[in-house]
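Student: From just these sequences and the hints, can you work out the full model?
Chains as they are written, first to last, in my numbering: chain A, -16 to 312; chain B, 30 to 252; chain C, 58 to 602.
Hints in this document: simulated from the structure, not taken from any laboratory. A virtual CB, placed ideally from N, CA and C, is assigned to each residue, including glycine. Hints may be right or wrong, so weigh each one.
To be verified - Derived list of chain C stretches under chain B, where covered just means 3 residues or more per stretch with a C-beta under 8 Å from a C-beta of chain B:
hint, stretch
1, 239 to 249
2, 280 to 294
What the hints assert, rightly or not - Calculated lysine to any residue pairs in the SDA-like style (CA-CA distance at most 25 Å, straight line):
hint, chain 1, residue 1, chain 2, residue 2
3, A, K70, C, F379
4, A, K260, B, I248
5, A, K91, C, G196
6, C, K483, A, T16
7, A, K70, A, V10
8, A, K260, B, P173
Said to hold, decoys possible - Sample of chain B residues with no beta-carbon within 12 Å of chain A, all distances over it, derived:
hint, residue
9, E41
10, S58
11, E69
12, I105
13, T107
14, G108
15, V118
16, C144
17, V145
18, S148
19, E160
20, F176
21, G202
22, I248
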Amino acid sequence: MGVFSIFPARASVGAGQVDALYTFLLVVGGAMTALIFASVFFFAVRYRRKSPNDPAPKAIHGSLPLEITWTVLPFLVMLVMFAWGTKLYFQNYTPPLHDTLDIYITGKQWMWKVQYPTGQREINELHVPVGRSVKLILASEDVIHSFYVPALRLKHDVVPGSYQTFWFEPAEPGRYHIFCAEYCGTGHSDMGGWMTVMTPSDYENWLAGGSGGGSMVEQGAKLFQQYGCVTCHVTDHEGRCPSLLNVFGRPVVLDDGRTVMADEAYVRESILNPNAKVVKGYKHDIMPVFEGQIGEEGLLQLIVYVKSLSPPTASPAKPAAAAAKRSPK
Amino acid sequence: MGDRETVLAPQEPNLRHHFDDSTQQLESSTLGMWVFLLTEVMFFGGMFGAYTVYRNMYPEAFASTSHFMNVTIGAINTGVLIFSSFTMVLAVRSAQLGQKKALIAFLVLTLILGCVFLSLKFVEYHEKWVEHHIPGPGFQYADPRYFHQAQILFYLYFAMTGMHAIHMIVGAGLLVTLIVMAARNRFSSRWYTPVEMIGLYWHFVDIIWIFLFPLLYLIGRAK
Amino acid sequence: MSTTLPFAQTETPTNYLNADYGWKSWLFATDHKRIALLYLFSITVFFFIGGAFAVAMRINLLTPEGLFTHDTYNKLFTMHGIIMVFFFLLPSIPATLGNFLVPIMIGARDLAFPRINLLSWYIYIVGGIFTLTAVVQGGVDTGWTFYAPFSSSYSNTHVILAAMGIFVSGFSSILTGLNFIVTIHTMRAPGMTWHRLPLFIWGQYATGLIQVLGTPVIAITMVLLGLERVLHAGIFDPTLGGDPILFQHLFWFYSHPAVYIMILPGMAVINEIVACFSRKAIFGYSFVAYSSIAIAVFSFLVWGHHLFVSGQSMYASMVFSFFSFLVAIPSAIKVFNWTATMYKGSVSFETPMLYAFGFIGLFTMGGLTGLFLATMAIDVHVTDTYFVIAHFHYVMVGGMVMAYMGGIHFWFPKISGRLYPEGWAKFAALLVFVGFNLTFFPQFILGYQGMPRRYAHYAPEFQVLNVMSSAGASILAVGYLIPMIYLAWAWRYGPKSPQNPWNAKGLEWEQSPTPPPTFNFDHQPVVTEPAYNYSGEEQEVESGG
Chain A
-16 MGVFSIFPAR ASVGAGQVDA LYTFLLVVGG AMTALIFASV FFFAVRYRRK SPNDPAPKAI
44 HGSLPLEITW TVLPFLVMLV MFAWGTKLYF QNYTPPLHDT LDIYITGKQW MWKVQYPTGQ
104 REINELHVPV GRSVKLILAS EDVIHSFYVP ALRLKHDVVP GSYQTFWFEP AEPGRYHIFC
164 AEYCGTGHSD MGGWMTVMTP SDYENWLAGG SGGGSMVEQG AKLFQQYGCV TCHVTDHEGR
224 CPSLLNVFGR PVVLDDGRTV MADEAYVRES ILNPNAKVVK GYKHDIMPVF EGQIGEEGLL
284 QLIVYVKSLS PPTASPAKPA AAAAKRSPK
Chain B
30 MGDRETVLAP QEPNLRHHFD DSTQQLESST LGMWVFLLTE VMFFGGMFGA YTVYRNMYPE
90 AFASTSHFMN VTIGAINTGV LIFSSFTMVL AVRSAQLGQK KALIAFLVLT LILGCVFLSL
150 KFVEYHEKWV EHHIPGPGFQ YADPRYFHQA QILFYLYFAM TGMHAIHMIV GAGLLVTLIV
210 MAARNRFSSR WYTPVEMIGL YWHFVDIIWI FLFPLLYLIG RAK
Chain C
58 MSTTLPFAQT ETPTNYLNAD YGWKSWLFAT DHKRIALLYL FSITVFFFIG GAFAVAMRIN
118 LLTPEGLFTH DTYNKLFTMH GIIMVFFFLL PSIPATLGNF LVPIMIGARD LAFPRINLLS
178 WYIYIVGGIF TLTAVVQGGV DTGWTFYAPF SSSYSNTHVI LAAMGIFVSG FSSILTGLNF
238 IVTIHTMRAP GMTWHRLPLF IWGQYATGLI QVLGTPVIAI TMVLLGLERV LHAGIFDPTL
298 GGDPILFQHL FWFYSHPAVY IMILPGMAVI NEIVACFSRK AIFGYSFVAY SSIAIAVFSF
358 LVWGHHLFVS GQSMYASMVF SFFSFLVAIP SAIKVFNWTA TMYKGSVSFE TPMLYAFGFI
418 GLFTMGGLTG LFLATMAIDV HVTDTYFVIA HFHYVMVGGM VMAYMGGIHF WFPKISGRLY
478 PEGWAKFAAL LVFVGFNLTF FPQFILGYQG MPRRYAHYAP EFQVLNVMSS AGASILAVGY
538 LIPMIYLAWA WRYGPKSPQN PWNAKGLEWE QSPTPPPTFN FDHQPVVTEP AYNYSGEEQE
598 VESGG
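Tutor: Written as structure tokens, this is what we have:
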């Protein structure tokens, strides 16, 4: 086990940044605690009552300058904590727009099902390479879970009915705990696993170990055929339905005037509840409703396929909206 | 004034021993009732909040369900309740003037109007039952596109109007109590606090309905 | 009971305890002091039930694999949480010390609504019975937070019974708060202006504000949850069009202010103890008074900090984080003012003051760790881990329960007319302090190291700190058992207390006999001096008819 440390292992650069902020708070908190403990101790001893007949002390009712000082100074320190924490939070929860290695994770009672774009699947194991930006897309099949990797200092709740994402850049090869961090029933404390960070060459070798079923894009393409999407959607089919070429990752204008980002959540909702958001110029009630017909893993494969129909866009879209958006169904 | 059971002067039969005088007692009762009504606002507020969230999420489903609301009954009920608040005010006024007969008459009228409201509500709920619009295993909805959303909206409809109806039933019970007390000469122009307090409660229940009616029945019908 | 003289110079003057006998005189009491004792007894029972569950949990956590089945453990932490939060912490100080002292401290003969006070106790008992029935019938396993859709669609345990228990007991809290607010507004003695009130009263008033405004929301949330379990309409179920996060918003809209219902009364007690045992007026009276109101207001603006990792909008999270920092400021102001009160005071170390020292130190630590949680990037790592558990136990147990123990000891002579054994009391206080820190400090470390909460078994590297924590728990348990024994003993056999054993200021010590008669005073108090006039600089209180 080695030397005891209050810090768990650091698997990413981001982890170190969180630790730095934590250390700052520890120092400030420790100093404040020490100040209060010392003051109370000192005053209690220095001004202790020596006999029951000691004279009553003179009243000191207050001091406005002191009150202002000890209100404003802590407030300023808190502003620093707030600003630093907010900045780091936005950074950690806003994936880069391009060049992320997207891995799809489905939580269910009581295991993590991991799907790679290349088609591998794992249970309770996640393999990632050093030096790439890894984006995790998280889905739940049943209740709320939370995907937590202490070594990354990151977690995100996995909420049924919507997708959640977070990203990180692994830096240190090793094996790190994955835990479920939102109580989900009997097997909650069993719902753990391991994230293995590998050097890029080791990762390539691991990937080459291959998977039987083909990449997620290939599996998604199969589903696209199987469910008849291909009869309508690849090109603009007689104005009945919008083409899906170059749609993913770009803004879409809807028939009620709103503009939304075509991200994973949007595609998922459009499959399960097509009338929720209809593209401008198209009618309601044309696309069949696939609610209850396609499972979470299939949905993810279809999404990856649709993604593949859009080469990466040059113009940056609103990152916060993309990361924060979630649809209700 | 002291710590003992004071022998109360005959003209202060309703002063409770822990109060210094009637003014303090009336102030306390009034403030207490207003604070209680504030808690009721927060109670209904949670449901109004949930309703707002889902209405924003599912505007078309909502517009669809609003066509199944019986606006006629809703409108009649609104009129009935507003009028009952008026008769309640008249009851309080009668109590203030020491007019026992008028007090009882107006209380009875208010009670009757409240019962009319509840009966019409029962008719409405029965209609919903027949249409299979009560959430649960028996729920059915004509437009399959909105089945789930409609069920949620009807659930909120029943939760909100049901909670309101429960408050009306309690109010009716309180009115019966007042009528009995009035009949037994408990009120006079010097003391009629329960009439006033229950009047406040009745107005509050009325106001909740005045918010419920447009929200649940009227908005979105035009679509 | 009618007596027409100031308390007679007989051996046992008539006081609220001996004014009447028999179970009916207790179960139908409208005297706020008797109702306070009814609450004291029931709350203590719940404390030990909740504590028993905690002991079982800590025994389970001695080894990584655990001792009980997962289902049993999941029920243990759920029921520990529900009982401790809703049936011990929330009522504790308001329903016991608040009920007893609020009228006396303001110079009134009772609360504004004595019968509603009794009703609130019965409501509390009914709620408790529902919940205990759920426990006895096999328990609940959703966590005290009842997150959907697990609680609405998946759990097979007695969720509805427990939810109804919470729903019912909420009204007890609402009625207590309502009673205090009205009483403080309308029944202050002549001369008792707002700025002469003891700070205990300001604290209870602020608590009352939260009780009346917040509790109805948890009530409706429990109703919606219960209905959903029966009807499965889908309000919180995403497969039926619902939003599980809506449940979290509704739940935490109350449950965050609830934690301030729990701590404000503790802070209220500390004011009285620190002033008395420093023999000095509280430094910065107005600041401390208004800080209670500020905490009550801000407490309603921060609930989203429980949803930082739930997928809530990052901008909303930012706003909640900012307000969470702000709400810490009034709490800090209180700590600084208490410390400053001791400066050039005359400090003595009786048991209540020892508990007050403990409160100041441990609440400071607990409150500071709250800042860690308000800092979003850190919260992402430590939320749902033992860090959060350590944080809230520091403020709730290290803070609130210590204040409660301090208050019980401080006013024990007033309530019982007898003195408790000071030696045993100091020993128990020390055990509590040591046991508490040994139990919960390691949990901060465990949390940052990544041990999630609500885990029936854990990764082996966490064992050492867990064993330390369990060892501390055993000491803490003894520290709480000892006072139960000597306080019960002292109630019957303790030496009789003089009128004012602490030489404290305040109407309850100076104007109301020990123990008080049923209507609290022999003569109507008239107030002419500010609170905490230990230095005697201003006019003394005059008593008059």
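Student: In terms of Cβ atoms, is chain A entirely out of 12 Å range of B:F176?
Tutor: 10 Å, violated
Student: Has the stretch 239 to 249 of chain C got at least three residues whose CB is nearer than 8 Å to a CB belonging to chain B?
Tutor: Check passed, 5 qualifying residues.
Student: Against chain A, does B:G202 keep a CB gap of more than 12 Å to every residue?
Tutor: 40 Å, holds
Student: Please confirm whether B:I248 is truly not at the interface, meaning its C-beta sits more than 12 Å away from all C-beta atoms of chain A.
Tutor: 17 Å, holds
Student: Can we confirm that no CB of chain A comes within 12 Å of the CB of B:G108?
Tutor: 36 Å, holds
Student: Mind checking the alpha carbons of C:K483 and A:T16 for me, to see if they're no more than 25 Å apart?
Tutor: The hint holds at about 24 Å.
Student: Please confirm whether B:V118 is truly not at the interface, meaning its C-beta sits more than 12 Å away from all C-beta atoms of chain A.
Tutor: 44 Å, holds
Student: Does the no-contact call for B:E69 survive, Cβ to all of chain A over 12 Å?
Tutor: Per Cβ check, B:E69 is outside 12 Å of chain A; nearest 29 Å; holds.
Student: Would the hint linking A:K260 and B:I248 be met if the CA-CA limit is 25 Å?
Tutor: Given pair A:K260, B:I248 holds - Cα atoms ~22 Å apart, limit 25 Å.
Student: Can you confirm whether the C-alpha distance between A:K70 and C:F379 stays at or below 25 Å?
Tutor: OK: A:K70 and C:F379 at ~13 Å, within 25 Å.
Student: Beyond 12 Å on every Cβ pair: is that true for B:S58 relative to chain A?
Tutor: 37 Å, holds
Student: Are the Cα atoms of A:K70 and A:V10 separated by 25 Å or less?
Tutor: Measuring from Cα to Cα gives roughly 20 Å; hence the hint holds.
The structure does not agree with numbered hint 20 stated previously, though it agrees with all others.
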